[in-house]
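Enquirer: Here the structure of chain A is known, so what remains is to put chain B in place on it, guided by the hints.
Next come the chains, spelled out residue by residue.
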Amino acid sequence: MDGKPLTSPASFIDQMVVPGDVVLDLSSMANQTIKLGGGLRQDSDAISVMKAGKLKFSRPNKYWVESSQKRYVPCVEDTVLGVVVDSKADNFLVDIKGPALAFLPVLAFEGGTRRNIPKFEVGSLLYVRVVKASAGMNPELSCTDASGKAAEFGILKDGYMFETSTGVSRMLLSSPTCPVLEALGKKLSFEIAVGLNGRVWVNAGSTSMIILVANAIMSSESLSGTKQKIMVENLLRRFQ
Amino acid sequence: MEIDRHDSRTRNQLRPLACSRNILNRAHGSARWSQGDTIVMAAVYGPKAGIRKNENPEKACIEVIWKPRTDQVGKAEKEYEMILKRTLQSICVLTINPNTTTTVILQVVNDDGSVLPCAINASCAALVDAGIPLKHLAVAICCALAGSGSVILDPTKLEEQKMEAFTYLVFPNSVLSVLPEGSLHVDGEPMEHAIITSVTHGVISVDDYLYCLERGHAASAKISDFLRRSLQS
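As they're listed, the protein sequences go chains A and B.
Quick note on UniProt numbering: the first sequence kicks off at 1 and runs consecutively.
Quick note on UniProt numbering: the second sequence kicks off at 1 and runs consecutively.
Next up, chain A with everything else stripped away, as it sits in the complex (with noise of 0.2 Å):
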């Protein structure tokens, strides 16, 4: 019941906070700059935690709290896969799974002009980059990298779009390879576009191959490394 007094703020990072627990006091810290993350908010000299996970820490001065989610929010130079919802005279607007839905300039192509506006119809999967994102705006997306090429963005076509949280992807995107994708890769020859903000597209020869991948993604949320390997070896074995 009681707040146990801790004098620093190390004994929170790495462990599972819920809201409401006050993680740092700024007043009482030397090195007053510090970068928050998401998770996090500040109450004068109190950050104090606003979603329940994980506190983590970065050198020199980043704190934020990781957990996974069903729903994004969006943050700059991310990469989202999201889904044309309509299509206005400046821009596209596109559900990426956020609280607003983003805008997507017409020209944000790489050499897009008037002339030559890409149509998209309602329902198109778009791999896209978020330039900008603020709280109470519509985020805003891009087609091109930040020099201008179009580097893998835009529409993608056939294979199969499925939502999973936000978690796995980034599970998904770490380094070194995750192990489902890893045992997956050794075997099957597929392509796979992962979203930060928990949609995953997969296209691969047959459909088989592509449920199976799907399947195996989507079940391996809550499992370790080996258990993962496991569960794709027995998944294999059945197909093939």
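Since the hints were derived computationally from the structure, they do not count as laboratory data.
All values derive from a computational prediction rather than experimental measurement.
Certain hints may be false.
[To be verified] Simulated pairs of lysine to aspartate or glutamate, EDC-like, Cα-Cα distance not exceeding 20 Å:
1. B:K48 to A:E163
2. B:K135 to A:D45
3. B:K48 to A:E140
4. A:K119 to A:D90
5. A:K186 to A:E233
6. B:K59 to A:D43
7. B:K85 to B:E63
8. B:K135 to A:D25
9. B:K135 to A:D43
10. B:K48 to A:D95
[As the list claims (entries may be wrong)] Estimated spans, in silico, between C-beta atoms of each pair:
11. A:F162 to B:R5: 46 to 56 Å
12. A:Q15 to B:R26: 24 to 34 Å
13. A:S134 to B:G50: 12 to 22 Å
14. A:A150 to B:G50: 25 to 35 Å
15. A:L173 to B:S20: 24 to 34 Å
16. A:F239 to B:K157: 51 to 61 Å
The C-beta atom is built at its ideal place from N, Cα and C for all residues, glycine as well.
Expert: Below, chain B without anything else, positioned relative to chain A:
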């Protein structure tokens, strides 16, 4: 004076608590909370763009839908929705996602007394599961006044009907903090004495009410610990 409870609990004993999260596939957050035989499921959808009429567009809006077991929605359900909406509005950080709506849907699976506290606990767990930003958690408890100033906790439906008065109390959870003890203050009052919601049925004297608050606050610490353990798994 020892009270005889028909399920042979002591006065301060709570029914067994159980909480499971992420049980619904399509909901963005979901939880099922049971206290003994009272079971409530909560589902959270959101935040989604758009806001209801007459709501402040500079803040997030919370919408609550209460579905009773027998599917007849009446005034009691509307009252529960309003109490829940006010309680959840005070624990969510509403300024983070302005002009959005978060919908909380509660389904009463079984009602065996103290269904509103069970629903508040379930919706708090579901909000955490959905990743909605919260200032702190809410833990709810029901205290019933059993004649001659003695208070029993977490009554069943039979006990609620027999008692002269009962009250639902919602407290903020007990937090772990790096600040020295006793320094979390809001408006000059220590956080340990905070109360979020109080709903009373029946006639209760001021002294009895204050005693209920005290017992309820002590019990909320146990529920708070249980909630913390269940969120960490």
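Enquirer: It remains to establish, for every hint, whether it holds in the given structure.
Expert: Hints and how they fare:
1. A distance of roughly 17 Å separates the Cα atoms of B:K48 and A:E163; the hinted pair therefore holds under the 20 Å criterion.
2. Taken as a hint, the B:K135 and A:D45 pair is honoured in the structure, with Cα atoms around 15 Å apart against an allowance of 20 Å.
3. For the hint pairing B:K48 with A:E140, the CA-to-CA distance comes to about 17 Å; that is within 20 Å, so the pair holds.
4. Proximity of A:K119 to A:D90 is assessed by CA-CA distance (about 13 Å); at most 20 Å being required, the pair is judged to hold.
5. Proposed proximity of A:K186 and A:E233 is supported: the alpha carbons are some 11 Å apart, at most 20 Å.
6. Between B:K59 and A:D43 the CA atoms are separated by roughly 18 Å; this keeps the pair inside 20 Å, and the hint holds.
7. Between B:K85 and B:E63 the alpha-carbon distance is near 7 Å, which keeps this suggested pair within the 20 Å criterion.
8. A distance of roughly 17 Å separates the Cα atoms of B:K135 and A:D25; the hinted pair therefore holds under the 20 Å criterion.
9. With a CA separation close to 10 Å, the supplied pair B:K135 and A:D43 stays within the 20 Å bound.
10. Under the criterion of a C-alpha separation no larger than 20 Å, the hint pairing B:K48 with A:D95 is consistent with the structure, at around 11 Å.
11. Checked against the hint of 46 to 56 Å, the pair A:F162 and B:R5 passes, with Cβ atoms roughly 50 Å apart.
12. For the pair A:Q15 and B:R26, the supplied restraint of 24 to 34 Å holds, since their beta-carbon distance comes to about 32 Å.
13. At about 19 Å, the beta-carbon gap between A:S134 and B:G50 stays in the expected band of 12 to 22 Å.
14. Range check, A:A150 to B:G50: Cβ separation about 34 Å, and the 25 to 35 Å hint holds.
15. Checked against the hint of 24 to 34 Å, the pair A:L173 and B:S20 passes, with Cβ atoms roughly 29 Å apart.
16. The beta-carbon spacing between A:F239 and B:K157, approximately 53 Å, falls within the hinted interval of 51 to 61 Å.
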